[in-house]
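Protein sequence lines, in the order shown, are assigned to chains Z and A.
Sequential numbering of the first sequence, starting at 1, is according to the numbering used here.
Sequential numbering of the second sequence, starting at 1, is according to the numbering used here.
Check the hints yourself; a few may be wrong.
With a straight-line cut-off of 25 Å between C-alpha atoms, the simulated DSS-like cross-links for lysine-lysine are [stated by the list, open to error]:
| hint | chain 1 | residue 1 | chain 2 | residue 2 |
| --- | --- | --- | --- | --- |
| 1 | Z | Lys85 | A | Lys59 |
| 2 | A | Lys31 | Z | Lys26 |
| 3 | Z | Lys26 | A | Lys85 |
| 4 | A | Lys31 | A | Lys85 |
| 5 | A | Lys26 | A | Lys81 |
| 6 | Z | Lys26 | A | Lys26 |
| 7 | Z | Lys59 | A | Lys83 |
| 8 | Z | Lys83 | Z | Lys26 |
| 9 | A | Lys83 | Z | Lys31 |
| 10 | A | Lys81 | A | Lys31 |
| 11 | Z | Lys26 | A | Lys81 |
| 12 | A | Lys31 | A | Lys83 |
| 13 | Z | Lys85 | Z | Lys26 |
| 14 | Z | Lys81 | A | Lys26 |
Think of the hints as simulated: they come from the structure by calculation, not from any bench.
2 protein chains.
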Amino acid sequence: MIDFYEIIGLVAATLTTASFLPQVYKTYQTKQTEGLSLTMYVMFFIGIVLWLVYGIHLKSIPMILANTITAISALFLIFMKIKYK
Amino acid sequence: MIDFYEIIGLVAATLTTASFLPQVYKTYQTKQTEGLSLTMYVMFFIGIVLWLVYGIHLKSIPMILANTITAISALFLIFMKIKYK
Chain Z
1 MIDFYEIIGL VAATLTTASF LPQVYKTYQT KQTEGLSLTM YVMFFIGIVL WLVYGIHLKS
61 IPMILANTIT AISALFLIFM KIKYK
Chain A
1 MIDFYEIIGL VAATLTTASF LPQVYKTYQT KQTEGLSLTM YVMFFIGIVL WLVYGIHLKS
61 IPMILANTIT AISALFLIFM KIKYK
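The shape of chain Z in the complex, shown without the other chains (with noise of 0.2 Å):
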């Protein structure tokens, strides 16, 4: 049985992941990338990157799950900014 925990969980890792990728799809969509700081997204990139190593030692599946896909969409954010700067 899941623990009503780990739905509290995966549901604010459902809000936060799906808060966060309108931002990605805008960026791809319009290649613009004027509003995004390198610098901030590399800190928060490392920041989450580190969530995830401490998700995994928790072993919370909901940090596990929202920091992996939150690292690659900020990885991919990077790519575009350097890209298209």
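Once you have looked at the hints, place chain A on chain Z.
Below, chain A alone, put in the same frame as chain Z:
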């Protein structure tokens, strides 16, 4: 003694929170909120509050710290969006 993974979590918390704060500061300074989607920020805010509940359940200091600061910041952006729309 502080656990090695708690330090990883604290660095993660610092990086992801710090990468969110310039957006808050920029919005406060410029009062320009066109780039912000209210729906997205409300979704994000609810997600962060659920991460906070999940973090309290896991007794994770990094998650409690990061999500408290981010929840307050997101609430502030929602307030700015409603006030200056």
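(message) Tell me if the straight-line CA distance from Lys59/Z to Lys83/A falls inside 25 Å.
(response) violated (41 Å)
(request) Verify the proposed pairing of Lys31/A with Lys85/A, using a straight-line Cα cut of 25 Å. (result) Answer holds: Lys31/A to Lys85/A is near 9 Å, not above 25 Å.
(message) Checking one constraint from the list: CA of Lys26/Z to CA of Lys85/A, max 25 Å. Satisfied?
(response) Judged against 25 Å, a Cα distance of about 21 Å means the pair holds.
(message) Run the distance test for Lys26/Z versus Lys26/A: straight-line Cα separation, threshold 25 Å.
(response) holds (20 Å)
(request) Would you mind confirming whether the straight-line C-alpha gap from Lys85/Z to Lys26/Z stays at or under 25 Å? (result) Judged against 25 Å, a Cα distance of about 16 Å means the pair holds.
(request) Decide if the proposed pair is consistent with the structure: Lys83/A and Lys31/Z, CA atoms, cutoff 25 Å inclusive. (result) With Cα atoms ~30 Å apart, Lys83/A and Lys31/Z exceed 25 Å; violated.
(request) Below or equal to 25 Å on CA atoms is what counts here, so check Lys31/A against Lys26/Z. (result) holds (22 Å)
(request) Compare the distance between the alpha carbons of Lys81/Z and Lys26/A with 25 Å, and conclude whether the hinted pair is satisfied. (result) Holds, at about 20 Å.
(request) Would you mind confirming whether the straight-line C-alpha gap from Lys81/A to Lys31/A stays at or under 25 Å? (result) holds (8 Å)
(message) Holds or violated: Lys26/A and Lys81/A, Cα atoms, limit 25 Å.
(response) holds (13 Å)
(message) Tell me if the straight-line CA distance from Lys83/Z to Lys26/Z falls inside 25 Å.
(response) holds (16 Å)
(request) For the pair supplied as a hint, Lys26/Z and Lys81/A, confirm whether the alpha-carbon distance does not exceed 25 Å. (result) holds (20 Å)
Violated hints, in rising order: 1, 7 and 9; the structure is consistent with all others.
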